[in-house]
Structure formats: structure tokens, C-alpha cells
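Participant: Sequence:
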Amino acid sequence: MSDEAVPFDDRGLAYGDGLFETVLVRDGLPLLWDEHMARLQEGCRRLGIAFPVRRCLDELPAQSGAGLQVLKLLLTRGSGGRGYLPPADAEPRLRWRSAPFVPQPARWADGVRVRLCDLTLGSQPSLAGIKHLNRLENVLARQEWSDPEIAEGLLCDCRGHVIEATSMNLFWFRGGRWETPKLKECGVAGTLRAGLFGVLELHEAMHKQDVLFEAESLWLGNSVQGVWPIASLVDSAGTLLRNWSVPSLDRSLQAEAHALLGYPVPA
1 MSDEAVPFDD
11 RGLAYGDGLF
21 ETVLVRDGLP
31 LLWDEHMARL
41 QEGCRRLGIA
51 FPVRRCLDEL
61 PAQSGAGLQV
71 LKLLLTRGSG
81 GRGYLPPADA
91 EPRLRWRSAP
101 FVPQPARWAD
111 GVRVRLCDLT
121 LGSQPSLAGI
131 KHLNRLENVL
141 ARQEWSDPEI
151 AEGLLCDCRG
161 HVIEATSMNL
171 FWFRGGRWET
181 PKLKECGVAG
191 TLRAGLFGVL
201 ELHEAMHKQD
211 VLFEAESLWL
221 GNSVQGVWPI
231 ASLVDSAGTL
241 LRNWSVPSLD
251 RSLQAEAHAL
261 LGYPVPA
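The end of the sequence shown is residue 267 by the working numbering, with every number in the run present.
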């Protein structure tokens, strides 16, 4: 664990000038590690932050300990600069911490209730896909509900295209194929999503909310929680919009995703 105090002038603290990764680690072995490192490296390229020495990063998961753990990496540009202008000689600051993790198998099997969020995501292609530290849109969206029966909230962009959930990627099965939103202007390109492109015929698409009602099934997934089927969708006022019969769903996407994470697939 390396979570020493961050100085007042750290740019990640002041401006969200940095990146993070949240990695599932099983008995010291990280899952989807190459995908996490690729996204972190792409984020560094976009923000102009020096990428840490890969060997040093590769040594961190083994320090997480036995069992199922979540390793969180925080990389900021470091300290200094005048206002928003970063210093030319910035020294990036890396922090990490591991914590035990217990997944929720009932959600894998029975599915979840999900709502539509009122908040819409702004368009910024320069930041789309990467996991930068400024996640205020997600924070505001997650504050929209407190009902424990609602597992997630779906977010659209400012033009009404369905993009993602507050902390998970969205997938659906429609017309005989698997689709996921295209993330060229906003949203986080999850590492589980990246891994699925390598093992499943998965198509990127831009659709408005109508696609949610046309889909034969909807799914949420990320590299820590695994994949949850959506059993019901409500609007922001709590009005039921649609139910799906979870026992009858094609679980091929979930099966491929859970194989990548070492999770079982419900019978």
C-alpha cells in the first residue's frame, strides 16, 4: 500500500489532473492487466503525463495479498504550475491501495433494477474513453437516487444517445447481435469492454433511448463486478418502463466476460 498524504499543490487534488485504474486481483494475479495498462498509457498520452515505469506497475498486484482484492491506482501529474498551466518539468505522483472485494452473485443470476438519469454527459472527444480523475458528472448522476433496490443509473449524452451507466458499461442484444455504445465523445471505455472485443463479436453503435426498448436484453458490466443482466428499467420518477425475463436470456456475453474475470456463470 502506498497512500501517503498528497500535498496541497497536487494537481490531481486541485484540478482532477490525473488518471486512475481499479483492478480486480485474484491471489496476487491481476485480471485484464494489459487492458488496464493500455488505458492508463493512453490516458497519459492524452493528458501529457509521463507513463510510470511499467516494471514498477507490474510489481504492484502481487502486493495485494491472498483472495479477491481490488487494487486502485491513482496517478496525478504531480505538483506545481501556475494556475491551470502545468509545469514543464512535472513529476507524476503515483499512489495505490488494495482492499478485499466480495462480488454479488445474486445480481449475476437474478439481474438488477436500473433507472434513467436526468443528468446528461457533455461532449469532449479529447477525454472520451480514458479514466481521468474529474468524475463530477458521475458523482452528480449517482446522487440522483438513494433507493437500494436500484443498482445503477443509465446516462445519455447531451444529444440523447445512450452512453453508459454511472460506473459500468452498457451492452444489449438486438437483431441477432451484441452491441455497445460508441464512446468517441464521452464515456469511459471499460477494460472488460475492451477484453470482450477480443472474444466476442461485439459492435459499437450510436442509438438514442429507443434502443433500450427494442433490445431483447440489456446488460451492465465492468472489470470488478462482472456482468449483470437488467431485469427492469424505470425512469427518473420511478415509473416502470420495461421488464425483461432474466431466466430466458442468452448469457453468452456474460459467459465470455466472466471467463476473463474468473467468475462463474449462473446456471
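Check each hint, because a few of them may be wrong.
[Stated by the list, open to error] For each label pair, taking beta carbons as the anchor points, the in silico distance ranges come out as:
(1) Glu214 with Leu85: 44 to 50 Å
(2) Glu214 with Val139: 51 to 57 Å
(3) Gly122 with Pro87: 42 to 48 Å
(4) Cys158 with Arg82: 28 to 34 Å
(5) Ala88 with Asp110: 49 to 55 Å
[To be verified] Using 27 Å as the maximum straight-line C-alpha spacing, the simulated DSS-like pairs for lysine-lysine come out as follows:
(6) Lys72 with Lys208
(7) Lys72 with Lys182
(8) Lys208 with Lys184
(9) Lys208 with Lys182
These aren't lab readings, by the way, just hints derived from the structure by calculation. On a predicted model such as this, the values are computed, not experimentally measured, just so you know. Virtual Cβ for every residue (Gly too), placed ideally from N, Cα, C.
Participant: Look at each hint and say if it fits the structure.
Facilitator: Status of each hint after checking the structure:
{"no.": "1", "hint": "Glu214 with Leu85: 44 to 50 Å", "result": "holds, 47 Å"}
{"no.": "2", "hint": "Glu214 with Val139: 51 to 57 Å", "result": "violated, 31 Å"}
{"no.": "3", "hint": "Gly122 with Pro87: 42 to 48 Å", "result": "violated, 27 Å"}
{"no.": "4", "hint": "Cys158 with Arg82: 28 to 34 Å", "result": "holds, 32 Å"}
{"no.": "5", "hint": "Ala88 with Asp110: 49 to 55 Å", "result": "holds, 54 Å"}
{"no.": "6", "hint": "Lys72 with Lys208", "result": "violated, 33 Å"}
{"no.": "7", "hint": "Lys72 with Lys182", "result": "holds, 26 Å"}
{"no.": "8", "hint": "Lys208 with Lys184", "result": "holds, 15 Å"}
{"no.": "9", "hint": "Lys208 with Lys182", "result": "holds, 12 Å"}
Comparing the model with each earlier hint shows violations of hints 2, 3 and 6; every other hint is respected.
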